[in-house]
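Sequence lines, in order, name chains A and B. 17 is the number of the first residue of the first sequence in my numbering; add one for each residue after it. 6 is the number of the first residue of the second sequence in my numbering; add one for each residue after it.
Quick caveat, the hints were computed from the structure, so don't treat them as lab data. Please read all numbers here as calculations on a predicted model, not as lab measurements. Where hints are given, some of them may not hold.
Listed below are the simulated DSS-like cross-link pairs for lysine-lysine, each with C-alpha atoms no more than 25 Å apart in a straight line [what the hints assert, rightly or not]:
#1 B:K143 with A:K280
#2 A:K278 with B:K224
#3 A:K261 with B:K278
#4 A:K292 with A:K280
#5 A:K261 with A:K218
#6 A:K309 with A:K261
#7 B:K278 with B:K339
#8 A:K307 with A:K237
Non-contacting residues of chain B with respect to chain A, defined by C-beta distances greater than 12 Å in every case (computed) [said to hold, decoys possible]:
#9 T26
#10 D74
#11 N140
#12 Q142
#13 D146
#14 V191
#15 R200
#16 D216
#17 D218
#18 E326
#19 F344
#20 Y355
#21 I384
#22 R388
One side of the interface only, derived from the structure: several residues of chain A facing chain B at Cβ under 10 Å [said to hold, decoys possible]:
#23 V59
#24 P93
#25 F181
#26 P186
#27 E209
#28 R318
#29 G338
#30 L339
#31 P341
Glycine is no exception: its CB is placed at the ideal position from the N, C-alpha and C atoms.
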Amino acid sequence: MEPVRKIIHIDMDAFYASVEIRDNPRLRGLPVIVGGDPHSRGVVSTCSYEARAYGVHSGMASSRAVRLCPQAIFLRPRFDAYQEASRIIHEIFHDYTDHVEPLSLDEAYLDVTENFHGIPFAMWIAREIKRRIQVETGGLTASAGISYNMFLAKIASDMRKPDGFFVIRPHQAEQFLEKLPVGKFYGIGRVTEAALLADGIKTGLDLKRLDRQELKRRFGKSGDYYYDLVRGIEYRQVNSHREPKSLGTECTFPEDITDLHKLKETLRMKSDEVAKELERQGLAGRTVTIKVKYHDFKVVTRSHTFGNYTSSSSLIGETACGLLPATEAGTIPVRLVGVTVSGFPQKKIPEIDVRQLEFDFGDDF
Amino acid sequence: MGIGLKNPPLLVIGLPKGIKTMKLTVTKENFVNGIKRVVNAVSTKITLPALSNILIEAEGDTLVFTASDLELSIRTIVPAIVFEPGATTLPAKKIMQIASELPSGDVTLESFEDEHVALSCQKAYFKIRSLAAENFQKPEDVQEEWALTLPVQDLLKSLSKVSYAKSEDESRRYLNGVLLSVRSGVLTFAATDGRRLALVERPLEADSTLDGDIILPAKAANELSRSLESSGDVKILISQSSISFSTSETTVSSKLVEGTYPNYRQVIPKASKQQVTIPRQAFAETLRRVSLVVSDSSSSIKLTLSENALTVSANSAEVGESSEPVEIEYSGEKFEISFNPQFVSEPLRYLDCEQLVMQFSDDLSPVCLTGDEGFLYIIMPMRG
Numbered sequence: 017m018e019p020v021r022k023i024i025h026i027d028m029d030a031f032y033a034s035v036e037i038r039d040n041p042r043l044r045g046l047p048v049i050v051g052g053d054p055h056s057r058g059v060v061s062t063c064s065y066e067a068r069a070y071g072v073h074s075g076m077a078s079s080r081a082v083r084l085c086p087q088a089i090f091l092r093p094r095f096d097a098y099q100e101a102s103r104i105i106h107e108i109f110h111d112y113t114d115h116v117e118p119l120s121l122d123e124a125y126l127d128v129t130e131n132f133h134g135i136p137f138a139m140w141i142a143r144e145i146k147r148r149i150q151v152e153t154g155g156l157t158a159s160a161g162i163s164y165n166m167f168l169a170k171i172a173s174d175m176r177k178p179d180g181f182f183v184i185r186p187h188q189a190e191q192f193l194e195k196l197p198v199g200k201f202y203g204i205g206r207v208t209e210a211a212l213l214a215d216g217i218k219t220g221l222d223l224k225r226l227d228r229q230e231l232k233r234r235f236g237k238s239g240d241y242y243y244d245l246v247r248g249i250e251y252r253q254v255n256s257h258r259e260p261k262s263l264g265t266e267c268t269f270p271e272d273i274t275d276l277h278k279l280k281e282t283l284r285m286k287s288d289e290v291a292k293e294l295e296r297q298g299l300a301g302r303t304v305t306i307k308v309k310y311h312d313f314k315v316v317t318r319s320h321t322f323g324n325y326t327s328s329s330s331l332i333g334e335t336a337c338g339l340l341p342a343t344e345a346g347t348i349p350v351r352l353v354g355v356t357v358s359g360f361p362q363k364k365i366p367e368i369d370v371r372q373l374e375f376d377f378g379d380d381f
Numbered sequence: 006m007g008i009g010l011k012n013p014p015l016l017v018i019g020l021p022k023g024i025k026t027m028k029l030t031v032t033k034e035n036f037v038n039g040i041k042r043v044v045n046a047v048s049t050k051i052t053l054p055a056l057s058n059i060l061i062e063a064e065g066d067t068l069v070f071t072a073s074d075l076e077l078s079i080r081t082i083v084p085a086i087v088f089e090p091g092a093t094t095l096p097a098k099k100i101m102q103i104a105s106e107l108p109s110g111d112v113t114l115e116s117f118e119d120e121h122v123a124l125s126c127q128k129a130y131f132k133i134r135s136l137a138a139e140n141f142q143k144p145e146d147v148q149e150e151w152a153l154t155l156p157v158q159d160l161l162k163s164l165s166k167v168s169y170a171k172s173e174d175e176s177r178r179y180l181n182g183v184l185l186s187v188r189s190g191v192l193t194f195a196a197t198d199g200r201r202l203a204l205v206e207r208p209l210e211a212d213s214t215l216d217g218d219i220i221l222p223a224k225a226a227n228e229l230s231r232s233l234e235s236s237g238d239v240k241i242l243i244s245q246s247s248i249s250f251s252t253s254e255t256t257v258s259s260k261l262v263e264g265t266y267p268n269y270r271q272v273i274p275k276a277s278k279q280q281v282t283i284p285r286q287a288f289a290e291t292l293r294r295v296s297l298v299v300s301d302s303s304s305s306i307k308l309t310l311s312e313n314a315l316t317v318s319a320n321s322a323e324v325g326e327s328s329e330p331v332e333i334e335y336s337g338e339k340f341e342i343s344f345n346p347q348f349v350s351e352p353l354r355y356l357d358c359e360q361l362v363m364q365f366s367d368d369l370s371p372v373c374l375t376g377d378e379g380f381l382y383i384i385m386p387m388r389g
């Protein structure tokens with residue numbers, strides 16, 4: 017059986033506004049709004065808790081925020097300062113695990129089931145992270161949520177904001193979820209929420225009363241996901257984008273082989289396995305490498321690099337076979353051949369230019 | 006032995022017996038042109054032995070050159086006098102160098118069974134190591150599922166007007182290529198990196214019942230202009246996984262980029278509040294000058310619209326600042342918007358029109374540029 021996972025969700029409190037207050041302590045205790053100019057259709061990025069008391073929230077038109085809270089102090093965002101704080105926070109996360117999935121500059125999931133220091137309790141790690149964030153960023157606070165899956169950890173971090181700390185244990189999960197408004201469930205947006213409310217489905221409990229069939233009718237393919245989710249089961253994994261550098265497979269022959277046809281046949285078979293695995297992992301590579309071990313255990317590799325990425329079984333196979341004449345296979349008996357695909361696209365750590373606006377191509381892109 | 010080759014003698018196991026020898030004569034000019042058109046298909050990376058070579062086939066009264074990196078293949082025909090039909094392969098880079106240095110005159114090639122080619126031209130003589138044609142993996146012909154024909158010039162111009170906008174971000178592979186889309190008799194070329202979008206539309210002449218999208222890899226898009234002769238028509242054949250472009254002499258075929266192109270139509274603004282007409286040449290020159298003070302890639306330039314002027318300005322801590330107005334007709338409210346300078350200046354280079362039309366709504370919404378017939382360019386601004 018899989019061990020119970022330990023997931024921490026860390027969410028900085030009023031991040032942009034807190035950075036501004038840290039850098040200008042005279043703003044402390046005042047309603048601070050970071051966002052666009054209220055006179056030119058700007059929107060609120062973040063606001064301090066003092067401003068939230070007036071009903072201001074992020075995403076709201078700045079002009080409306082001014083009407084709600086005329087004494088608010090409006091600041092233009094300083095993305096450099098936020099990125100620097102974000103860098104410090106993410107470095108702290110990576111001191112505990114590489115299973116970190118950043119959601120934005122100020123929010124991330126950590127899977128600490130296994131961690132670098134062998135710390136047995138996620139609570140200890142979460143407390144330490146919170147404390148270190150405060151010290152190392154010069155006073156910013158974060159809220160931490162801890163649970164055994166990502167969804168519950170996120171719900172937990174929201175329970176005691178700001179400077180919050182909250183744990184949802186497995187036996188408490190269902191009770192939490194039953195009370196949760198449907199709009200808080202992962203993936204339920206405003207439109208879906210409105211449709212559910214219209215049918216009198218307001219909470220997790222209402223959702224739980226629907227059978228699989230009904231959920232599938234409403235959510236399509238995600239029906240099963242919601243069926244499990246309201247029962248506290250979620251299989252989403254913390255996706256740290258740590259992708260393998262290469263993917264390959266090899267095979268040792270029961271007896272040494274000189275027949276080129278047999279070797280090529282094996283290479284094609286192995287290429288097909290590699291292609292299937294690439295496909296499964298959603299990867300494609302640019303370099304195909306074959307490895308040939310001769311009967312005397314001497315190993316040679318030969319590789320070919322394409323201009324584009326591929327995961328095509330036939331292309332990898334053709335290439336692998338094409339590389340064979342560049343070895344001494346056929347004259348020297350071979351005990352092992354292998355095929356590896358590498359050169360996956362580099363996932364740059366997104367050095368997001370926060371000022372350049374992007375197109376919105378919709379959900380899939 | 007002849008010249009020192011970079012490629013070491015290639016080990017070929019079980020040399021096939023009785024390779025036909027080949028003998029032909031071709032003018033130096035045709036020899037060089039043939040090689041030039043195909044040579045860029047050869048991978049610059051370490052590669053399969055046979056694929057760093059060019060396949061040379063003599064048949065009828067033609068000499069056919071083929072080069073391939075298995076994804077992109079180029080094949081071209083030049084006239085030749087063939088005494089003995091046959092085929093062989095020669096190392097691409099070396100034969101390119103040799104061909105361009107030959108004196109003008111007729112080039113005679115003779116291929117021998119022990120894998121070498123004798124090349125003579127006037128008094129020059131080379132004996133070059135070759136590799137049997139059997140080792141060369143010839144590209145498969147593209148199965149025709151769709152076909153369309155258009156003037157080569159139209160294809161190359163359309164590609165140049167959109168190609169620069171494609172993404173360099175390798176994690177968005179489907180954006181690294183150029184989209185060719187046919188919808189109800191209209192052919193669209195489009196490229197986007199998620200921050201700007203360039204597209205060219207042209208009606209297809211024949212009544213077309215095709216409908217579909219393909220993504221042309223960057224390398225193919227770049228090589229077409231180098232390989233296709235610039236007059237006449239090009240026939241485009243498209244199958245599920247590959248595409249070919251054929252003129253009377255040359256065929257460029259390529260595997261397609263796998264993946265679905267984003268629905269780029271939805272980022273085209275349906276309406277804009279204002280529009281101004283800008284002289285293209287003057288605007289391009291001003292942009293070039295003002296951008297000189299911009300020092301790093303994340304800097305922006307600012308466009309300010311005021312009474313009858315579009316002022317381009319920029320500044321950087323390292324260099325200083327610059328500004329220059331371009332005369333236009335405008336009487337609306339003062340308006341400022343910032344852009345990545347490259348995103349504004351790039352399309353201007355490939356257009357022919359005198360006047361550009363810029364349409365905009367506010368400083369955080371996409372801006373449209375139009376000019377040449379069928380051309381549309383959308384840019385997202387930068388936050389100032």
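Structure-based check of all given hints:
1. B:K143 with A:K280: 18 Å, holds
2. A:K278 with B:K224: Roughly 35 Å separates the two Cα atoms, so the pair is violated.
3. A:K261 with B:K278: Distance ~49 Å between K261 of chain A and K278 of chain B Cα, so the pair is violated.
4. A:K292 with A:K280: With Cα atoms ~18 Å apart, K292 of chain A and K280 of chain A stay inside 25 Å; holds.
5. A:K261 with A:K218: 46 Å, violated
6. A:K309 with A:K261: Within the cut-off at roughly 22 Å; holds.
7. B:K278 with B:K339: Roughly 13 Å between the alpha carbons, so the hint for K278 of chain B and K339 of chain B holds.
8. A:K307 with A:K237: 42 Å, violated
9. T26: 22 Å, holds
10. D74: Contrary to the label, D74 of chain B does not stay out of reach of chain A, its closest Cβ about 6 Å off (not over 12 Å).
11. N140: 7 Å, violated
12. Q142: About 6 Å separates Q142 of chain B from the closest Cβ of chain A, which leaves it inside 12 Å; violated.
13. D146: Since the minimum Cβ distance to chain A is about 16 Å, D146 of chain B lies beyond 12 Å and the statement holds.
14. V191: Non-interface label on V191 of chain B holds, nearest chain A Cβ at 21 Å vs cutoff 12 Å.
15. R200: 6 Å, violated
16. D216: D216 of chain B is indeed farther than 12 Å from all Cβ atoms of chain A, at 21 Å.
17. D218: 14 Å, holds
18. E326: 18 Å, holds
19. F344: Violated, because the least Cβ-Cβ distance between F344 of chain B and chain A comes to about 9 Å, which does not exceed 12 Å.
20. Y355: Label holds. Min Cβ-Cβ 21 Å, cutoff 12 Å.
21. I384: At about 9 Å from chain A, I384 of chain B fails to clear the 12 Å cut-off, so the statement is violated.
22. R388: 5 Å, violated
23. V59: 9 Å, holds
24. P93: Since chain B brings a Cβ to about 8 Å from P93 of chain A, closer than 10 Å, the hint holds.
25. F181: 35 Å, violated
26. P186: 36 Å, violated
27. E209: 23 Å, violated
28. R318: Because about 8 Å separates R318 of chain A from the closest Cβ in chain B, which is inside the 10 Å limit, the hint holds.
29. G338: Hint on G338 of chain A: holds, closest Cβ of chain B at ~4 Å, below 10 Å.
30. L339: 6 Å, holds
31. P341: 6 Å, holds
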